[in-house]
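For the record, the sequence lines run as chains A and B. Residues 1 to 390, numbered by our numbering, are exactly what the first sequence covers, in order. Residues 1 to 211, numbered by our numbering, are exactly what the second sequence covers, in order.
Honestly, the hints are just simulated from the structure, not real lab data. None of the values given here were measured: they were computed from a predicted structure. Among the clues, some could well be false.
[Stated by the list, open to error] Heads up, simulated DSSO-like pairs for lysine-lysine below, C-alpha to C-alpha not over 30 angstroms straight-line:
| hint | chain 1 | residue 1 | chain 2 | residue 2 |
| --- | --- | --- | --- | --- |
| 1 | A | K344 | B | K177 |
| 2 | B | K183 | A | K86 |
| 3 | B | K15 | A | K225 |
| 4 | A | K208 | B | K26 |
| 5 | B | K9 | A | K208 |
| 6 | A | K344 | B | K42 |
| 7 | A | K208 | B | K19 |
| 8 | B | K177 | A | K86 |
| 9 | B | K26 | A | K306 |
| 10 | A | K225 | B | K16 |
| 11 | A | K75 | B | K151 |
| 12 | A | K304 | B | K26 |
| 13 | A | K267 | A | K304 |
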Amino acid sequence: MQYYKTTRGGGRYIGQTRSFSVYSDSITPPIKVEKISTEIIPGELVFNYGPSTGGLTESVRIALTTPGEIIRAVKVDPSYKLRRLKVVGLNLIDAFLQIERINGYHSSSYQAAFIKAAEDALLVEKSRGLDEELILQMELERIRSHLNVLERLCEPAGFGVPFHQIAQMREEVSRLISAIFGHRYFFGIHTLPHSELRIPAGVTEITKGIERRFALLFESLQDSKIFVNRLQGNGKIQKIWLVGPAARAAGLQYDARIDSPSIDYSKYSFEPFIDDGKDAFARFLVRGNEIFSSFAIVNQILSKGKPETADLREIRGTGIGASRVESPQGDLFCYLSVDDGRVKSIEFCAPSVSNIIAFEQSMQGNIFTDFHFNWESFGIWISEAGVEIE
Amino acid sequence: MRNSIWFLKGLRNGKKTEKFPRADPKDPPLWPSRLVGSGTSKCPTNAIEDGKWNAGKCISCRLCMPEYKPTGDQSNYKITGSVPGILSRSFYIYPVDSGTCGACNTELLSILAPQYDASRVNIFFTNTPRHADALLLMGVYTEGMDQVISKAYEAMPDPKLIIALGTCAVSGGIIGKSPHLSKDALIEIAGCPPSPYTILEALVRAKEGKR
Numbered sequence: 001m002q003y004y005k006t007t008r009g010g011g012r013y014i015g016q017t018r019s020f021s022v023y024s025d026s027i028t029p030p031i032k033v034e035k036i037s038t039e040i041i042p043g044e045l046v047f048n049y050g051p052s053t054g055g056l057t058e059s060v061r062i063a064l065t066t067p068g069e070i071i072r073a074v075k076v077d078p079s080y081k082l083r084r085l086k087v088v089g090l091n092l093i094d095a096f097l098q099i100e101r102i103n104g105y106h107s108s109s110y111q112a113a114f115i116k117a118a119e120d121a122l123l124v125e126k127s128r129g130l131d132e133e134l135i136l137q138m139e140l141e142r143i144r145s146h147l148n149v150l151e152r153l154c155e156p157a158g159f160g161v162p163f164h165q166i167a168q169m170r171e172e173v174s175r176l177i178s179a180i181f182g183h184r185y186f187f188g189i190h191t192l193p194h195s196e197l198r199i200p201a202g203v204t205e206i207t208k209g210i211e212r213r214f215a216l217l218f219e220s221l222q223d224s225k226i227f228v229n230r231l232q233g234n235g236k237i238q239k240i241w242l243v244g245p246a247a248r249a250a251g252l253q254y255d256a257r258i259d260s261p262s263i264d265y266s267k268y269s270f271e272p273f274i275d276d277g278k279d280a281f282a283r284f285l286v287r288g289n290e291i292f293s294s295f296a297i298v299n300q301i302l303s304k305g306k307p308e309t310a311d312l313r314e315i316r317g318t319g320i321g322a323s324r325v326e327s328p329q330g331d332l333f334c335y336l337s338v339d340d341g342r343v344k345s346i347e348f349c350a351p352s353v354s355n356i357i358a359f360e361q362s363m364q365g366n367i368f369t370d371f372h373f374n375w376e377s378f379g380i381w382i383s384e385a386g387v388e389i390e
Numbered sequence: 001m002r003n004s005i006w007f008l009k010g011l012r013n014g015k016k017t018e019k020f021p022r023a024d025p026k027d028p029p030l031w032p033s034r035l036v037g038s039g040t041s042k043c044p045t046n047a048i049e050d051g052k053w054n055a056g057k058c059i060s061c062r063l064c065m066p067e068y069k070p071t072g073d074q075s076n077y078k079i080t081g082s083v084p085g086i087l088s089r090s091f092y093i094y095p096v097d098s099g100t101c102g103a104c105n106t107e108l109l110s111i112l113a114p115q116y117d118a119s120r121v122n123i124f125f126t127n128t129p130r131h132a133d134a135l136l137l138m139g140v141y142t143e144g145m146d147q148v149i150s151k152a153y154e155a156m157p158d159p160k161l162i163i164a165l166g167t168c169a170v171s172g173g174i175i176g177k178s179p180h181l182s183k184d185a186l187i188e189i190a191g192c193p194p195s196p197y198t199i200l201e202a203l204v205r206a207k208e209g210k211r
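Let the sequences and hints guide you as you build the complete structure.
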């Protein structure tokens, strides 16, 4: 490992894997995490939401403990759809096909974390072209992911017009990804020995058109008191262990694009958007503003032509590596041990695990009608929280 | 006040719905789509056997290139039986995530986007199996969701049918095995994940009683 130390915890706390506590520049043996008491007090009831019902994109059980209106405790159980991935012993290409399916909606973040951990493990020289390609992937993914969260925030508010208009933009971004990478979810783009990327004609006009329409819509949503009132003061949380947009919405300048050496973002002049509202509205503002900074990076890359892709077939050897990238929902950490080109051990620290704890804590003291807005504002993906890698 | 008139903003945006499936898809993805080619090729899910490509097993990994190539043809689905005629007027779907990566879930929701607008062809999602005509399964088999799926199917009124959406639900894909009720699926929509074009066309054809 070139960047991560295995001594005392250093830097900010990111989260836990099966075997480690992960900090921004070191990994240590796991620490104990304090759990919220879900003991029922007389006069309270537990309202079960899920695991399968309308309003949930994925299967998850959410138990809300309440005396009637105010939520006293929340427990999220992501284990209903627990998948077991068998990756150990596979070569990097075969392992890659499963890794990119841990969270299909954020597959490029998982691809980047895996590729960068493999580079670190096997001391492969960094390629500027590859970093550029991974950044293009991840920023397009971030735009689509943030649009998805904003779309989901409009739905419980009954805002049909912005809901559908954002859905339209999200679909346009998916088609753009498909046109460039050949697949709407980036699957399989690093299994080839050569680049299959295509930059369509007039691509920057497409991105600027989406950005312009989004700017008008984003401004209108901020002007809508009905919408803003549902989010302001809802799900307030500020903890030093927050990651991603939830951290940046709590005044913390945490962003792996700035503080992780795994992928070089130094060529792109951007600063993370920070808000100190700490609530669902602040998380909405952070995501909306990050769409603009991601578009700026995408346009900068696309205007230069076709970047390179990684070829995992070339990566051989033995070693241990680690990486950390900024997925749309926060820090994504990967620990990888490779033995003669095959996976010996692999662990991920997914941002949704941290965001689930943040959601549970931020929901205390809120009321039932706040629930959907707060849940959607964290952009949690159960697929990456309810998964075991064997 | 100027900015809160959403109705006018909606009208100003104009009509964005495409003519698909009556017309060709506007921007079909290459992966997934029907593959053409011949001979043997490396396939991690055995989607290519004896020179034949099986859409229900394909995960769009591209390892079969250059022997096999994508065509852009989105008809990656199979309707294996007769859909009750009573469902032709409106078709209510109850989706259940058995164990997905999240991609099938979002592609399914994409058929509600203005470009596809599934409601114009009387296809709707329902929040409860009690109101559902079809149980739509996504993802691989998981222990935790097995009983949930069975109970949802039992709660549905007759006539009812099962749809398997995505390679994981059809064959297990590269992650595991398919949910146990998938074997009774009347409609199999292949792809990892299937595109909104494939999903919409399969549902419309099934609703119209076509195979």
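Do the hints match the structure? See the list:
no. : hint              : result
1   : K344/A <-> K177/B : holds (24 angstroms)
2   : K183/B <-> K86/A  : holds (24 angstroms)
3   : K15/B <-> K225/A  : holds (27 angstroms)
4   : K208/A <-> K26/B  : holds (21 angstroms)
5   : K9/B <-> K208/A   : holds (20 angstroms)
6   : K344/A <-> K42/B  : holds (23 angstroms)
7   : K208/A <-> K19/B  : holds (26 angstroms)
8   : K177/B <-> K86/A  : holds (13 angstroms)
9   : K26/B <-> K306/A  : holds (24 angstroms)
10  : K225/A <-> K16/B  : holds (28 angstroms)
11  : K75/A <-> K151/B  : holds (23 angstroms)
12  : K304/A <-> K26/B  : holds (27 angstroms)
13  : K267/A <-> K304/A : holds (13 angstroms)
In this structure, every one of the numbered hints holds.
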